[in-house]
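Knowing the structure of chain A, use the given hints to seat chain B on it.
Keeping their order, the protein sequence lines are chains A and B. With my numbering, the residue at position 193 of the first sequence is 193, and numbering never jumps. Adding 1000 to a residue's 1-based position in the second sequence gives its number in my numbering.
To be clear, the hints were calculated from the coordinates, so they are not data collected in a lab. Backbone N, C-alpha and C define an ideal beta-carbon position, used for all residues, glycine too. Treat the hints with care, as some may be off.
[Said to hold, decoys possible] Which chain B residues face chain A? A few, computed with CB under 8 Å, are given here: (1) Pro1193; (2) Tyr1269; (3) Val1293; (4) Glu1310; (5) Glu1318.
Residue strings, one per chain:
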Amino acid sequence: MDRGAGGHVIDSLRGQNLLSLSDLSREAVVEVLDTADTFVEVNRRAIKKVPTLKGRVVASLFYEESTRTRLSFETAAKRLGADVLSLAVASSSVKKGESLRDTIATIDALGIDAVVMRHASSGAAQQVSRFVPHVRVINAGDGQHQHPTQGLLDAFTVRQVLAERGATTGPESGAALFDGLRVLIVGDVAHSRVARSDAAVYVTLGAEVRVAAPGTLRPPGLSDWGVTIVDDLDEGLVWADVVVLLRLQSERGTGAFVPTMREFTQTFGLTVERAATLRPETIVMHPGPMNRGVEIDSAVADEPRAVITRQVTNGVPVRMAVLCLAVAGVTEGRGE
Amino acid sequence: MTILLRQGTVIGSDAHHSADVLIRDGLVVEVAERIDRPAGATVIDAHGCWIGPGFVDLHTHLREPGAEEAETVESGARAGAVGGYSALVAMPNTEPPLDNVALVSHVLAQGRRSILDVAVAGAITQGRRGELLAPMAEMARLGVRLFTDDGDGVQSASVMRRALEYAKPLGVRLAQHCEEATLVAGGSMNESPLSGRLGLSGRPALAEVVMVLRDLELVRLTGAPLHFLHLSTGRSLALVAAARAEGLPVTCEVAPHHFTLDEGACDSYDPHFKVHPPLRSPSDVAAVRRALVEGGCDAVASDHAPHAPERKDLAFDEAPAGMLGLEHAASLTFEALGATGPSASRFFELLSRGPARIAQLRQSDDRPSHSAHGGEVAAGEDANLVVFDPGATWRVDPGRLQSRARNTPYAGRVLTGQVRATIVRGALVVSDAGLV
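One chain only, chain A, in its complex shape (with noise of 0.2 Å):
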């Protein structure tokens, strides 16, 4: 897998931004998901509150429309006992080609100590991180680049259902339960953030990552990221112990790289027909927002092995952990 900014590996997340999983270690990703795990009991409490981020503040900056996961940050921040500077720039005065360099300082120039940034430019958060240095900066999205609270959430999820199975806990199993463990993710590769966070999240942790895309919507150099490109979903399908959907990314790109939504449906999407070949115990996940009918028929995204939803619930402890991580420098959520 190719490395990040000059080829820099972090190896903990203490204290440090958080721009794309491709910078992350085995170590730095285990630490992510084992302090995500003490957050899971904070969140099922009557009081869902610690105070790891009293009097810290956390701004959400987002020039990109996204309810589900900045109210996720939001929600992150609060229970870690941070005050909260929301930003939702793309309902804002501040509008596509304003410098990103003014922006941030006018945030910064308020005090802050992190910036939660999602934006449609790939690379935003990262021109954001050397404009100022003394914040933390977590990626929430950037373009068709990465959304590493995503592939950790998701490799999180997937962790969390493998160790209820084997009766075992999360952080009692480290990464052994990533071990050989076969992730296929089909669709829109080449305009998904998503994918290349996943990707980069799974290969780490040591499972056999494969990638099923129409010829149009696989990037340059996907063979180099540690991935096995098939050509036929239907032997992916029963190969598959993971199934990561992608949303078709219509709105990006200019023209049509699949001839119509009808034929990517017929021959990459998740129908009733094909999950019905799926071995029992295969998990099917999508980031949402799902295209229902599309990437994923409706009646798949409702069956018990869809755990779309507990993707989401996730999301709360795990960018709870990432802040705390990368604000506090700290692994342990439980407090005072």
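Relative to chain A, chain B alone:
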């Protein structure tokens, strides 16, 4: 004004010799082993330096009219002078574009007030929209000898064919920015495994090659001369070299960033490294460098593209493409060629004599807007000269550039080889590596 260049190495097209050079009233009046200092002459010690014809840039974006916050003819000329240039060709992708006599006249007039000779490249099509031919004959009467829609290539094969057919009897040359638009649409860096990993849409090398192939066939059909701007791939350079070997009237230039920087710089998402055509793979960079050294290109052109600082503080895919070039092109070319004897002639061929031929600036003809450039350093020639010190090193400090803009990709780099003096029409405009 009388200037005596003392004890430099005069670099001719084929031979070098140590000499003094005397300049008076706009002309070189004597080149000899030893010249006594005339009364009142300014003496410049050129010991250890090369003396050659002033550089000629085929590809300068002066941004006037329309983006004077980034550059003006006046500030661009200052940057050019510090870079050793005595003449610049202003690109027509201004706002509005230089596609008519009034606008060309305006820029030529601004040029006459500047410290260099400024020639203009006119647009091939009205508004650079690639649809209807611009009035090339009228612009040619003002002295325009080069036409281009640079910034974009002429996309329609039929429009490009007509443009070549129309230009040929006018005695002017067209120049093409080779990127096929549908292949680069939305792209912001070279298409490669790196662009795939970074999630940036690509501008494939293929887009350049496809247009070069098409245009070579159009030149074969029409017989009209064509200049290829900023070629960036080994494949397109090889195609142009093969066409030239067949006798087709084609020339090409390369830009310093394409032989000194590769696409790896985009890993940082720093928009200072965004340029069109994009920084390419290391193997393409090596191919461009080979063309530079071995003769596979006719000129180094700066593609000086100033942008106001805030424009480079945008996200990578939103930021405008282009980087500064005039003030470091000569040093970067020198570093790439090396300091051996034959390199000195090649250095001046690439930076002065070659581009002067392409831009038809060798003779002043009937054009009052400029003097003759790219000649030999000999008595009777117009005194457009540069004194270049191959032993000096300097550090690129964005804050000290003469350009109004600061978007250099070489900030902090220490470069070897420095322009010590620039003489334009017999006047000393740069001395001790600074403006007079």
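For each hint, the structure was consulted:
| no. | hint | result |
| --- | --- | --- |
| 1 | Pro1193 | 2 Å, holds |
| 2 | Tyr1269 | 3 Å, holds |
| 3 | Val1293 | 30 Å, violated |
| 4 | Glu1310 | 5 Å, holds |
| 5 | Glu1318 | 6 Å, holds |
The structure fails hint 3 only (numbered hints given earlier).
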